[in-house]
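K.L.:
Full structure from sequences and hints, please.
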Amino acid sequence: MSSLLRLSRLIDWINERVGRAVMWLVLVAVVISAGNALVRKLFNTSSNALLEIQWYLFAAIFMLAAGYTFLRNEHVRIDILTSRLSPRGQNVVDIVGILFFLLPMAGLILWLSWPIVMTSLASGEMSQNSGGLIRWPVKMMLPLGLGLLVLQAFSELVKRIAFLAGHGPDPLQKKSSGAATADLVAAIKAQREGRVEP
Amino acid sequence: MTEFVVANMAPLMFASMILFLLFGFPVAFALAANGILFGLVGIELGLLHGALFQALPERIFGIMANDTLLAVPFFTFMGLILERSGMAEDLLDTIGQLFGPIRGGLAFAVIFVGALLAATTGVVAASVISMGLISLPIMMRYGYDHRLATGVIAASGTLAQIIPPSLVLIVMADQLGRSVGDMYQGALVPGLVLTGLYVVYVAVVAIFRPSLAPAMPPEARTLREPDGASGLRSLALLTVVAGAGAWLFASQIYRADAPRDEVVVVSAMAGIGIAFVAAMVNRIFGIGLLSRMAERVTFVLIPPLGLIFLVLGTIFIGVATPTEGGAMGALGAVLMALARRRLSLPLLRQAMDSTTKLSCFVVFILIGSSVFGLTFRGVNGDLWVEHLMTSLPGGQTGFLVAVNLLVFVLAFFLDYFELAFIIVPLLAPVADKLGIDLIWFGVLLAVNMQTSFLHPPFGFALFFLRSVASEKVKTASIYWGAVPFVIIQLVMVGLIIAFPGLVSYGDAGAKPAQQQELDLEQLLQGGGGAAAAGDSNADLMRKLQGD
Numbered sequence: 001m002s003s004l005l006r007l008s009r010l011i012d013w014i015n016e017r018v019g020r021a022v023m024w025l026v027l028v029a030v031v032i033s034a035g036n037a038l039v040r041k042l043f044n045t046s047s048n049a050l051l052e053i054q055w056y057l058f059a060a061i062f063m064l065a066a067g068y069t070f071l072r073n074e075h076v077r078i079d080i081l082t083s084r085l086s087p088r089g090q091n092v093v094d095i096v097g098i099l100f101f102l103l104p105m106a107g108l109i110l111w112l113s114w115p116i117v118m119t120s121l122a123s124g125e126m127s128q129n130s131g132g133l134i135r136w137p138v139k140m141m142l143p144l145g146l147g148l149l150v151l152q153a154f155s156e157l158v159k160r161i162a163f164l165a166g167h168g169p170d171p172l173q174k175k176s177s178g179a180a181t182a183d184l185v186a187a188i189k190a191q192r193e194g195r196v197e198p
Numbered sequence: 199m200t201e202f203v204v205a206n207m208a209p210l211m212f213a214s215m216i217l218f219l220l221f222g223f224p225v226a227f228a229l230a231a232n233g234i235l236f237g238l239v240g241i242e243l244g245l246l247h248g249a250l251f252q253a254l255p256e257r258i259f260g261i262m263a264n265d266t267l268l269a270v271p272f273f274t275f276m277g278l279i280l281e282r283s284g285m286a287e288d289l290l291d292t293i294g295q296l297f298g299p300i301r302g303g304l305a306f307a308v309i310f311v312g313a314l315l316a317a318t319t320g321v322v323a324a325s326v327i328s329m330g331l332i333s334l335p336i337m338m339r340y341g342y343d344h345r346l347a348t349g350v351i352a353a354s355g356t357l358a359q360i361i362p363p364s365l366v367l368i369v370m371a372d373q374l375g376r377s378v379g380d381m382y383q384g385a386l387v388p389g390l391v392l393t394g395l396y397v398v399y400v401a402v403v404a405i406f407r408p409s410l411a412p413a414m415p416p417e418a419r420t421l422r423e424p425d426g427a428s429g430l431r432s433l434a435l436l437t438v439v440a441g442a443g444a445w446l447f448a449s450q451i452y453r454a455d456a457p458r459d460e461v462v463v464v465s466a467m468a469g470i471g472i473a474f475v476a477a478m479v480n481r482i483f484g485i486g487l488l489s490r491m492a493e494r495v496t497f498v499l500i501p502p503l504g505l506i507f508l509v510l511g512t513i514f515i516g517v518a519t520p521t522e523g524g525a526m527g528a529l530g531a532v533l534m535a536l537a538r539r540r541l542s543l544p545l546l547r548q549a550m551d552s553t554t555k556l557s558c559f560v561v562f563i564l565i566g567s568s569v570f571g572l573t574f575r576g577v578n579g580d581l582w583v584e585h586l587m588t589s590l591p592g593g594q595t596g597f598l599v600a601v602n603l604l605v606f607v608l609a610f611f612l613d614y615f616e617l618a619f620i621i622v623p624l625l626a627p628v629a630d631k632l633g634i635d636l637i638w639f640g641v642l643l644a645v646n647m648q649t650s651f652l653h654p655p656f657g658f659a660l661f662f663l664r665s666v667a668s669e670k671v672k673t674a675s676i677y678w679g680a681v682p683f684v685i686i687q688l689v690m691v692g693l694i695i696a697f698p699g700l701v702s703y704g705d706a707g708a709k710p711a712q713q714q715e716l717d718l719e720q721l722l723q724g725g726g727g728a729a730a731a732g733d734s735n736a737d738l739m740r741k742l743q744g745d
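Note that the protein sequences, when read in sequence, are chains A and B. Here the first sequence is numbered in my numbering, starting from 1 and rising by one per residue. Here the second sequence is numbered in my numbering, starting from 199 and rising by one per residue.
Hints listed in this document are in silico derivations from the structure and should not be mistaken for laboratory results. Do not take every clue at face value.
Said to hold, decoys possible - Chain B residues, not near chain A, derived (Cβ > 10 Å throughout):
{"hint": "1", "residue": "Phe310"}
{"hint": "2", "residue": "Pro457"}
{"hint": "3", "residue": "Val463"}
Said to hold, decoys possible - To be clear about the criterion: a stretch of chain B counts as covered by chain A if any three or more of its residues have a C-beta under 8 Å from a C-beta of chain A, and this derived list gives those stretches:
{"hint": "4", "segment": "215-224"}
{"hint": "5", "segment": "514-525"}
To be verified - If the Cβ cut is set under 8 Å, some of the chain A residues that face chain B in the computed set are:
{"hint": "6", "residue": "Trp24"}
{"hint": "7", "residue": "Phe58"}
{"hint": "8", "residue": "Ile78"}
{"hint": "9", "residue": "Pro104"}
{"hint": "10", "residue": "Ile188"}
The beta carbon of each residue, even a glycine, is placed where N, CA and C say it ideally should be.
P.N.:
Rendered as structure tokens:
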């Protein structure tokens with residue numbers, strides 16, 4: 001069990017790193033996209049490469065962050081029924097979900113997409129647009145992101161089983177939802193206390 | 199048994215999807231698992247082709263290459279930066295002072311600021327939290343009824359859902375295969391009418407039950423001249439001057455052949471510019487040209503109005519696609535936060551982090567629903583839904599009533615992303631077949647879904663408000679306070695059905711979204727679009743009246 005938990009911590013660390021790196025792409029995409037509009041208006045030119053890189057970045061953001069989002073338990077759930085379960089019950093729900101919902105989906109798509117990505121890589125498939133980008137890097141995001149998701153699913157599975165077996169804390173306890181709200185509330189209060197009323 | 203399953207695959211699949219969702223595991227994976235399970239059963243029973251799932255990777259590549267959805271992270275990021283920029287707080291303080299001394303004034307200020315915030319960003323939580331922290335204590339201090347105060351705050355916060363640029367309109371446009379720009383234009387008037395209905399409601403309360411919404415005593419207005427004058431005359435004068443300047447600019451200076459949208463946007467900017475210059479001159483030289491109130495109001499209104507121009511203005515006049523409009527707004531919000539020295543590295547990180555996670559879960563729900571949809575269509579689920587919906591009595595009207603009831607009820611359990619990705623793709627083809635304009639349909643559903651933020655027990659706006667309201671406000675007051683506003687929203691749904699012309703947009707043609715995106719250039723030159731829209735609305739009206 002302890003070696004599995006070590007592996008789980010390693011996976012968590014990897015996805016945490018990936019998530020923290022990927023989020024900067026949001027800013028990059030914002031700048032490129034706003035730049036595209038400005039350049040088109042001001043200089044009346046546009047570049048297909050710069051238009052395509054926008055959605056390459058978007059694809060990278062949501063695919064590569066799949067594992068990270070799962071780590072942070074931010075994939076939305078409808079928990080009107082299960083939120084009433086005991087912590088043990090909620091962990092059992094997640095174990096069943098990972099084994100029968102998440103892994104089959106991720107596995108199936110991973111398995112189906114791999115040959116397509118390899119074909120694209122071998123043939124050097126290019127965008128149909130003139131001056132467009134080569135396709136395989138963006139297609140690669142799909143198996144790569146699903147791979148990270150499967151890894152994270154494995155890690156979450158280990159943590160939940162460890163909890164049920166009494167070897168670890170409740171992995172669902174660290175729920176971060178509401179933290180952002182609390183941060184915002186604190187920030188607004190701090191701002192208001194820091195200033196003199198007009 | 200097998201025959202029963204074969205004959206009822208679609209209803210069985212739909213019912214089991216609901217069970218899968220209620221299981222409490224993330225929606226994206228539950229939807230996909232449901233699709234895969236029934237796909238395998240269908241293949242086993244010989245109903246579906248063995249190669250059914252081969253289409254999946256291409257579908258997901260299609261989602262990746264979707265420019266429309268790219269607007270989701272941009273507008274989210276913009277909203278997250280703005281909520282920390284202090285813009286909302288400054289607006290609430292100043293506009294509250296301005297309107298406060300009339301009956302119901304604090305509530306009017308909340309509605310006004312709510313609508314302004316809604317037009318700059320699409321995030322409900324931020325508006326509700328700011329208003330709950332700033333306006334609610336003031337309203338309580340001056341004796342507002344708790345129900346009215348909390349209701350008006352929660353409802354004004356949800357305006358972000360319907361007034362463009364809102365996230366729900368983006369995903370709706372995507373799922374209906376229409377352009378986001380048209381969806382935004384279509385939602386603009388209903389959003390403003392809804393805001394107006396809130397104002398009317400508060401006014402009626404203030405007139406007939408003044409004790410529920412008392413005026414702030416005049417001495418509570420601290421923003422006044424050294425000699426104690428309110429300085430309102432100066433503000434009125436500035437408004438008139440700026441308005442006249444804008445009108446002159448539109449009629450005399452700006453080129454006459456420009457389309458109306460563009461003239462409106464550009465001359466509004468000219469008017470704002472005049473007010474800004476006056477306020478700047480006044481501040482720098484201290485010449486007492488303007489009262490303190492006038493100067494302050496100008497300075498707090500410039501950031502939101504500037505952002506509205508940057509986002510909606512550029513989209514409506516065709517300089518930017520909606521996606522690029524989102525990016526410009528995000529960049530503008532970052533620059534504004536920098537200028538106000540409110541942007542720090544941790545804040546930037548937090549905004550990017552939340553944006554990344556939100557984009558990821560939204561797209562994964564879409565991926566899950568495409569897996570579901572692939573199988574569901576495979577077992578002729580689309581035909582089943584169509585048959586179910588077209589066999590309702592009353593034709594179009596029957597369909598609309600049923601759909602709105604369905605969405606209203608489902609909104610108690612599902613949030614708008616789930617509704618848009620699961621329900622809308624099932625209903626859109628039927629609506630299209632019945633001859634319903636899909637932009638109109640999308641706006642109608644968006645107004646309806648807005649109620650999901652306001653009704654117990656899961657209304658997010660109520661939840662956020664509860665988390666920031668003082669202990670003295672009872673939870674029951676928050677719940678009951680929302681009721682009149684839910685009713686107003688339903689009235690709005692009825693109004694849109696009764697007066698389809700409320701939803702009007704530039705190019706009423708039924709062109710596919712991608713083609714419309716390419717047609718931006720034409721849109722720039724096309725003043726004729728408005729007439730066409732009028733025609734199609736007349737058509738729709740005739741159809742709705744059971745022609």
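K.L.:
Go through the hint on Phe58/A and say holds or violated, using the shortest Cβ distance to chain B against 8 Å.
P.N.:
With a closest approach of 5 Å, the Phe58/A hint holds.
K.L.:
Mind checking the CB of Ile78/A against every CB in chain B and telling me if the closest is under 8 Å?
P.N.:
Check passed: Cβ of Ile78/A comes within 5 Å of chain B, closer than 8 Å.
K.L.:
Beyond 10 Å from every chain A Cβ: check whether that's true for Phe310/B.
P.N.:
holds, 19 Å
K.L.:
Does the interface hint hold: is Pro104/A within less than 8 Å of chain B, judged Cβ to Cβ?
P.N.:
holds, 6 Å
K.L.:
Any CB of chain B closer than 8 Å to the CB of Trp24/A?
P.N.:
This interface hint holds because 7 Å falls under the 8 Å limit.
K.L.:
Examine the segment 514-525 of chain B for residues whose CB is less than 8 Å from any CB of chain A, and state whether their number is three or more.
P.N.:
holds (count 8)
K.L.:
Closer than 8 Å between Cβ atoms is the bar; does Ile188/A clear it against chain B? Give me holds or violated.
P.N.:
At 5 Å from the nearest chain B Cβ, Ile188/A passes the 8 Å test, so the hint holds.
K.L.:
Going by Cβ atoms, does Val463/B stay more than 10 Å from chain A at every point?
P.N.:
Non-interface label stands for Val463/B: nearest chain A Cβ at 14 Å, farther than 10 Å.
K.L.:
Are 3 or more residues of the segment 215-224 of chain B near chain A, judged by a Cβ distance of less than 8 Å?
P.N.:
holds (count 7)
K.L.:
Looking at Pro457/B again, its CB stays over 10 Å from all of chain A?
P.N.:
holds, 16 Å
In this structure, none of the earlier numbered hints is contradicted; all agree with it.
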